[in-house]
Amino acid sequence: MPRLGRFARELRARLWKPSVEEEVRRELDYHLEMLEQDLIAHGLDPATARAEARTKFGDADRFGEACRDIGERRDREMRRSEWFAEFRYDVRYSLRQLRASPRFTVVAVLTLALGLGAVTTIFGIANTVLLRALPFADPDRLVTASETTPVGRPFSVSEPNYLDWRRRVRRLSVIGAFSGRSPTIRGDAGPERLVGVAATHSLFSVLGVSPALGRTFAAEEDVPGGDTRVAVISDALWQRRFGGDPGVTTQSVELDGVLHRIIGVMPPGFDFPNRVDVWVPLAPSARYHRGDRRLDVVARLAPGATREQADAELAGVARQLSTEYPADNRGWGSRVQLLREAYVTPQLRARLVTLLATVGVLLVMACVNVASLLIARAGTREREMAVRAALGAGRGRIVRQLLAEGLVLSFIGAVVGVAIAAVAIPIVRDIGSTAIPRLDEMALDWGVLVFALGACLTTGLVFGLAPALHLRPPHGTNGTSGLGVLRSGARTIDASRVRHILVVTSVGLAMLLLVCAGLVGGSFVKLMRVDLGFSHDHVLAASIALPPRRSPTDSTPGRYAPERIAAFYAEIAQRLMDVPGVRAAGAINIAPFSGGNTSMGFEPVGQTAARADEYRSASWRVVTPAYFTALGTALARGRVFEDRDRSPTPDVMVINETMARVGWPKSDPLGQQVKLSSGRTMTVVGIVRDTRHVFVDSLPLPTMYFSHGQFPWANMWLTVRATGDPAAIADAVRREVAALDASVAVARVQPLTQLVRDATAEPRLIVLVFAIFASAALVLATIGLYGVVSYTVSRRSREIGVRLALGAPPRGIVSAVLGEGVRLAAIGVALGGAAAYGATGALRAILFETEPTDVATFAAIAGILMVVAAVASLAPARRASQVDPMVALRSE
Amino acid sequence: MTEPTELLHGTLDALILKTLAWGPRHGYAIAQWIESTSADALRIEQGSLYPALYRLERKGWIEAEWALSDTKRQVKVYRLTDAGRERLAIETKQWARFAEGVARILLEPT
Chain A
1 MPRLGRFARE LRARLWKPSV EEEVRRELDY HLEMLEQDLI AHGLDPATAR AEARTKFGDA
61 DRFGEACRDI GERRDREMRR SEWFAEFRYD VRYSLRQLRA SPRFTVVAVL TLALGLGAVT
121 TIFGIANTVL LRALPFADPD RLVTASETTP VGRPFSVSEP NYLDWRRRVR RLSVIGAFSG
181 RSPTIRGDAG PERLVGVAAT HSLFSVLGVS PALGRTFAAE EDVPGGDTRV AVISDALWQR
241 RFGGDPGVTT QSVELDGVLH RIIGVMPPGF DFPNRVDVWV PLAPSARYHR GDRRLDVVAR
301 LAPGATREQA DAELAGVARQ LSTEYPADNR GWGSRVQLLR EAYVTPQLRA RLVTLLATVG
361 VLLVMACVNV ASLLIARAGT REREMAVRAA LGAGRGRIVR QLLAEGLVLS FIGAVVGVAI
421 AAVAIPIVRD IGSTAIPRLD EMALDWGVLV FALGACLTTG LVFGLAPALH LRPPHGTNGT
481 SGLGVLRSGA RTIDASRVRH ILVVTSVGLA MLLLVCAGLV GGSFVKLMRV DLGFSHDHVL
541 AASIALPPRR SPTDSTPGRY APERIAAFYA EIAQRLMDVP GVRAAGAINI APFSGGNTSM
601 GFEPVGQTAA RADEYRSASW RVVTPAYFTA LGTALARGRV FEDRDRSPTP DVMVINETMA
661 RVGWPKSDPL GQQVKLSSGR TMTVVGIVRD TRHVFVDSLP LPTMYFSHGQ FPWANMWLTV
721 RATGDPAAIA DAVRREVAAL DASVAVARVQ PLTQLVRDAT AEPRLIVLVF AIFASAALVL
781 ATIGLYGVVS YTVSRRSREI GVRLALGAPP RGIVSAVLGE GVRLAAIGVA LGGAAAYGAT
841 GALRAILFET EPTDVATFAA IAGILMVVAA VASLAPARRA SQVDPMVALR SE
Chain B
1 MTEPTELLHG TLDALILKTL AWGPRHGYAI AQWIESTSAD ALRIEQGSLY PALYRLERKG
61 WIEAEWALSD TKRQVKVYRL TDAGRERLAI ETKQWARFAE GVARILLEPT
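Chains as they are written, first to last, in this note's numbering: chain A, 1 to 892; chain B, 1 to 110.
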């Protein structure tokens, strides 16, 4: 038998290959027959020979079964390894193709990397903030409960109301309450202000988290008069202050001069509500003032109960309480919300979803562009395809080859894209983590990588398939056969129409993205220019917490009686004024944008009508006389506080213009009396300009200012105006405070500008991202347009050559080519503009004082895109006019 | 000469490889060759040859192709691959070591 070469054998195997079933049957039958014939030749009669052959052979059915088994497995492996071999071949071939046209490759890879990098980064944000479950047990069953003011705004809860809720509500299985504290810890390293929380013992069981070490509060440690001097500390504080000592639960810690036994350490990663160092018992009292609302409440829904049911039940309880205690509760209601929504406000959710949608558009744009580049290239490769088809490559095989090219391209794009995301993610985290909860945990983790890979596969398939679908079958409708193509170079692929559609799509999407970016950017500029009502340049802010006396008889050393608190802040202001470089030294209980707000109901005395819907509330602040000077808040009328406004002189207040409008729409508030919901009555002595101090992007709140001398608040922010750099006086502030009381810690020392910047971190992040998207979109649109126009020129070079040879002026050629690009762009701009007009309504949630259909923005973006289109078409147009007729005519 | 010996487990593979080392042949010829060369001292169920052949083919030690027999029938002809040749060398060496060891014990005078 002639020895066949490997390839000849493979060829034959492909030509004739029986099924495994057939293969085994034939082989065994042949053997049996031969055996039988041999035996007959040895002289056996046919019947005996047949029986003898069966004996010698053994159980044919069993052997056949075994062979079929192995044979089928063999064939499966072969098919698989063939598939892999072909795939490897396709990949190698694709890489060769990409190397052969480096310009195309670089543009396509960068385009994809841009899209995939952006989408990966934004997914990283959404994944961290929106999708990841809260780190508590069964977090979807956690809710927050709040009181609502007579005008329906959510508000904190008072201790007696909380205790009544806890007794009466059934649909919440466990209810916990907490309230912020800022205790100062004393130690060798000097005083340090901690972030503390006074919490009920039930808080930990609501959240379903157990301590890593020791225990949490017992019920008897959480009642008035109980042994409340215990503390649970965070893992971070344990590491920082106690070096991770496991014996810490036998130690005590001095908080505001009082020794607390450390009873437990929470596990790392546990944090509630926000960056807390230490938890102490709240011990809520039913005898506490019912109108003083300071608690936040979290609860776990009872098994089977829904948020709506719990909300309805609690509303019923709140109604009972308002009839039982009309003095403090009349008109007050309640609200139950999912805890998740306390972390991610609907506004933040809207912003992130908008970003995701936008980045999706960008990725589609990248796909469209690469698809159009690939189709343009497919046009030049139609000969290659025809050759492959003629050599017997099936349509499926060619499609697989094209898909492999798409996947190779998108994989390279994804690698570069992930690299971009790896650079972008830390930047985003640093900018946004002060404003967006939990963003500080964002990282390029497995979830994000898997997402990037998925996005890469999808995009690869999408734009890889585009040219594949575009392939005409060899015997196409236009009647040219595969061989015809080989001979004549006739086109099997008429791609121009498809490419035009792709370019129009690309420009349209760019228009959409740029309009969105323009609107967001414009509103950001407005936001940055908004008049805050005070000047934060040159102002240093620093937070001070004096430990107050708990009762008039409290004689714990180091604690401050009300007179001493007032004296301390008056004294520190005096001392700071003597520091060189200080122009004014004031203080306020909550510095602008330092987080949180305090508000209270008020009634102008002497005005009739006190219906519930006329409930009026205003933010309140306690300030020292120099506060307004230090922040440059202008006095409108009357006077600001003076040193004489101290107890026991009659209470006075300064209000802002908004409060004056709300409280005295028809009369002059100066000299009028105001009754506060806390029971005190004060006289209005001055009106100051409005300031925005809680939100940059909403109107100024009605605000009333109390004099620190009459309202000696223990925890204050110093606001010190310097002549130069405010950071330069930070040490002086620390020194003067220490000189007055070395046990008092100064915390959060920073320029006020920093607080304002942090307050605008979220809009700034959004604008930054939009700006990046917009530039990317502009680049992509330009590349797309340029690519298509120059490709068209190269396809038409023969026609252009003929025209030039026949005497057409080059100027006419330029304007014809230019015209085509500009015409395509104009269609794209019109369609994209229409889409944007319909879609930008979704941006309303993130716009500030900007209409989503702002005509100026639309016009400007349309103008920019048209200019870019003209520039992108100009270069190929000029090239067309320089075509040498002779070269062009010979080229095909 | 007594009863033919049962084949030791695993030796069939080696025997097939050895048979094919003399040149390509089909299943029946392999069976014939083993029986005649061992002078009928080894007894195998001829059918058990086939699962072994399929196994060896899957491992890549032999390969098969369809050819026409003298009687003009399509038969599957097996031939040794390079990998199979190496395998045969290994098996031969292992067998020799095994046989030598067994012989040393059995032939020890008692």
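Hints listed in this document are in silico derivations from the structure and should not be mistaken for laboratory results.
Backbone N, C-alpha and C define an ideal beta-carbon position, used for all residues, glycine too.
Among the hints, erroneous ones may be present.
As the list claims (entries may be wrong) - Sample of chain B residues lacking proximity to chain A, with all beta carbon distances greater than 12 angstroms (derived): (1) K18; (2) T37; (3) A99.
Unchecked claim - List of simulated lysine-lysine pairs, DSS-like, C-alpha gap at most 27 angstroms: (4) B:K76 - B:K59; (5) B:K72 - A:K56; (6) B:K76 - A:K56; (7) A:K56 - B:K18; (8) B:K18 - B:K76; (9) B:K59 - B:K18; (10) B:K93 - B:K72.
Going down the list of hints, with the structure as the test:
Annotated as non-interface, K18 (chain B) keeps its C-beta farther than 12 angstroms from every C-beta of chain A; the closest such distance is 20 angstroms. At roughly 16 angstroms, the least C-beta separation between T37 (chain B) and chain A is larger than 12 angstroms, which holds for a residue marked as non-interface. Its beta-carbon lying about 27 angstroms from the closest one in chain A, A99 (chain B) satisfies the requirement of being farther than 12 angstroms from that chain. Under the criterion of a C-alpha separation no larger than 27 angstroms, the hint pairing K76 (chain B) with K59 (chain B) is consistent with the structure, at around 17 angstroms.
For the proposed pair K72 (chain B) and K56 (chain A), the alpha carbon gap of about 25 angstroms is at most 27 angstroms, so the pair holds. Proposed proximity of K76 (chain B) and K56 (chain A) is supported: the alpha carbons are some 21 angstroms apart, at most 27 angstroms. In summary, the hint linking K56 (chain A) to K18 (chain B) is supported, as the alpha carbons are separated by about 22 angstroms, within the 27 angstroms threshold. For the proposed pair K18 (chain B) and K76 (chain B), the alpha carbon gap of about 18 angstroms is at most 27 angstroms, so the pair holds.
Only pairs whose Cα atoms come within 27 angstroms are accepted, and K59 (chain B) paired with K18 (chain B) is accepted, the gap being roughly 16 angstroms. Of the supplied pair hints, the one linking K93 (chain B) and K72 (chain B) is violated, its CA atoms being roughly 39 angstroms apart against a limit of 27 angstroms.
Of the numbered hints stated above, the single one contradicted by the structure is hint 10.
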